[in-house]
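S.K.: Chain by chain, the residues:
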Amino acid sequence: MYEFKYHRPATVRQAANLLVKNEDAKVIAGGHTLVPVMKQRLASPPHLVDLSHIEGLDTIEMKGRSLVIGATAKHAAVATSAVVGEAIPALAELAGGIGDPAVRHKGTIGGSLANNDPTADYPAAVLALGATIVTNKRRLKAEEFFQGLFSTALENDEIITKVMFPLPKKAAYIKFRNQASRYALVGVFVAKRPSDVRVAVTGAGSDGVFRATAFEEALKKRFSHKVLDGVSASADGLNSDLHGSAEYRAHLIGVLTRRAVEAATAK
Amino acid sequence: MAKISLIVNGNPVNANVDSRTLLVQFLRENLRLTGTHVGCDTSQCGACVVHLDGKAVKSCTTLAVMADGHEVRTIEGLAADGAPLHPMQEAFREHHGLQCGFCTPGMIMTAVDLVNRKGHDLSDHVIREELEGNLCRCTGYQNIVTSIAAGAKAMGKSA
Ligand SMILES: Cc1cc2nc3c(=O)[nH]c(=O)nc-3n(C[C@H](O)[C@H](O)[C@H](O)COP(=O)(O)OP(=O)(O)OC[C@H]3O[C@@H](n4cnc5c(N)ncnc54)[C@H](O)[C@@H]3O)c2cc1C
Ligand code: FES
Ligand code: FES
Chain A
1 MYEFKYHRPA
11 TVRQAANLLV
21 KNEDAKVIAG
31 GHTLVPVMKQ
41 RLASPPHLVD
51 LSHIEGLDTI
61 EMKGRSLVIG
71 ATAKHAAVAT
81 SAVVGEAIPA
91 LAELAGGIGD
101 PAVRHKGTIG
111 GSLANNDPTA
121 DYPAAVLALG
131 ATIVTNKRRL
141 KAEEFFQGLF
151 STALENDEII
161 TKVMFPLPKK
171 AAYIKFRNQA
181 SRYALVGVFV
191 AKRPSDVRVA
201 VTGAGSDGVF
211 RATAFEEALK
221 KRFSHKVLDG
231 VSASADGLNS
241 DLHGSAEYRA
251 HLIGVLTRRA
261 VEAATAK
Chain B
1 MAKISLIVNG
11 NPVNANVDSR
21 TLLVQFLREN
31 LRLTGTHVGC
41 DTSQCGACVV
51 HLDGKAVKSC
61 TTLAVMADGH
71 EVRTIEGLAA
81 DGAPLHPMQE
91 AFREHHGLQC
101 GFCTPGMIMT
111 AVDLVNRKGH
121 DLSDHVIREE
131 LEGNLCRCTG
141 YQNIVTSIAA
151 GAKAMGKSA
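Sequences listed follow chains A and B, in order. Just so it is clear: in the first sequence, position 163 is 163 by full-length UniProt numbering, and no numbers are missing. Just so it is clear: in the second sequence, position 114 is 114 by full-length UniProt numbering, and no numbers are missing.
So that you can see chain A by itself, here it is in the shape it has in the complex (with noise of 0.2 Å):
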């Protein structure tokens, strides 16, 4: 790892001003992204803003009708929060089942959904329950903010300060580990909103998270796994590696969509 300068700012704003007044500053948050990219050498910005001691960043609460995450709240909080539990039980079940328990204790939404991994899960629930993602500057609906492998809308100085989720009427996660890395090799995120049925791909596109329309039109008509017979996806624009085929992700997408909706008509 080469040297940096850390930075511990006590407020957002004192974040954001770091970042303006120090050239490829970056944030730290967990770091369970960061530190191992930066133990490669694949990353080495000369200065660190620690997020994690800003008071209140990591808040998670009941606001009108939306539940809001704060961005430095810990996978583990999320997975054990009785408020997330009440609101919206999947996304709670998918923060339980990211990595391992330790990195559940560091691990956080925000710098999940900053390093937007292909094969990470948040995006995915993000995308389906038509999350707003809230910066020191801005609101951006979760289409506007994914913007293709490990890439964002975010700026250089912008920084997440916490995510809004309106509330879905029925939502289930369904992931398929890699067997080597235990990162989803594809992931499901089905969500039925008042207004119409959301299916967000995560692990399988060669693009990043994406949402499966042909999926969605038919539970519009009817939430059942039943109408999902003879609904395929395509294999075009997928994954393709040593972990699986386009194909093989194709046909994953139908069978944990199917699961998801069973799951999520279940609850």
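If you are wondering where the hints come from, they were derived from the structure by calculation, not from laboratory data. Since the model is a prediction, treat every value here as computed from it, not as a measurement. By construction, the Cβ of each residue, glycine as well, lies at the ideal position given by its N, Cα and C atoms. One or more of the hints may lead you astray.
What the hints assert, rightly or not - Label pairs and their in silico Cβ distance ranges:
#, chain 1, residue 1, chain 2, residue 2, range
1, B, R137, A, V37, 22 to 30 Å
2, B, K3, A, R41, 55 to 63 Å
3, B, N14, A, E262, 54 to 62 Å
4, B, R93, A, Y2, 40 to 48 Å
5, B, V13, A, Y2, 24 to 32 Å
What the hints assert, rightly or not - In silico EDC-like links for lysine to aspartate or glutamate, alpha-carbon gap of 20 Å or less:
#, chain 1, residue 1, chain 2, residue 2
6, A, K39, B, E90
7, B, K3, A, E3
8, A, K5, B, D18
9, A, K39, B, D41
10, B, K118, A, E93
Starting from the known structure of chain A, arrange chain B with the ligands on it as the hints suggest.
M.R.: Structure of chain B with the ligands alone, referenced to chain A:
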């Protein structure tokens, strides 16, 4: 360099460290607490697990500067020198939960955290799920699972 102050195994520690120092390096090289191991250095194996503010974390993926102002407990902090072993350590000894012993400090710190979160009556299934982040190249896990179940119960009695 950065000045850090933290509590390690109950004792206050002050040091001047290079900000890129990993917590595990700081524990092993500065404090000579070599019970915490580095198995993979890529966040996968759990040999480096310590408790940070009472919660299991991978110290190879934590910067020492980020632990400034916090409390760390390592395997050395479970039982004082010469005192009887911690019930979880004793259970690993009793049930042959180790062979070479390299993964053991991380296994035990993970197990104690698990008991703190999920109580003293742990099914094999729960234990296996919770060991997702700890690898052992020797035992085949069977005796580790037995040890943790027994250690969890023993911790309930001694508490
Ligand atoms: C062994 C292991 C297994 C894992 N398994 C899984 C898994 O199964 N599923 C999964 O989804 N993830 C998994 N992860 C990733 C884990 O969830 C990461 O913690 C997470 O993706 C990043 O969160 P972080 O808080 O650690 O971010 P950091 O590492 O601190 O930061 C990551 C990036 O996001 C930026 N950033 C952080 N916070 C903000 C913010 N508030 N605003 C703007 N930018 C920000 C940083 O600058 C950096 O570029 C795993 C990680 C490990 C080490
Ligand atoms: S050495 Fe830290 S997880 Fe392997
Ligand atoms: S006892 Fe040898 S690695 Fe676990």
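S.K.: Confirm or reject each hint.
M.R.: Verification of the hints:
1. Distance hint check for R137 of chain B and V37 of chain A: the Cβ-Cβ separation is about 26 Å, which falls inside the suggested range of 22 to 30 Å.
2. For K3 of chain B paired with R41 of chain A, a C-beta distance near 26 Å fails the hint of 55 to 63 Å.
3. Distance hint check for N14 of chain B and E262 of chain A: the Cβ-Cβ separation is about 57 Å, which falls inside the suggested range of 54 to 62 Å.
4. About 43 Å separates the C-beta atoms of R93 of chain B and Y2 of chain A, a value consistent with the hinted range of 40 to 48 Å.
5. A C-beta distance of roughly 26 Å is found between V13 of chain B and Y2 of chain A, which places it inside the suggested range of 24 to 32 Å.
6. As the CA atoms of K39 of chain A and E90 of chain B are separated by approximately 36 Å, the hinted pair breaks the 20 Å bound.
7. Restraint check for K3 of chain B and E3 of chain A: satisfied, since their Cα atoms lie roughly 15 Å apart, inside the 20 Å limit.
8. Under the criterion of a C-alpha separation no larger than 20 Å, the hint pairing K5 of chain A with D18 of chain B is consistent with the structure, at around 9 Å.
9. This hinted pair checks out: K39 of chain A and D41 of chain B have alpha carbons roughly 9 Å apart, not beyond 20 Å.
10. A hinted pair counts as satisfied when its Cα atoms are at most 20 Å apart, and K118 of chain B with E93 of chain A qualifies at roughly 16 Å.
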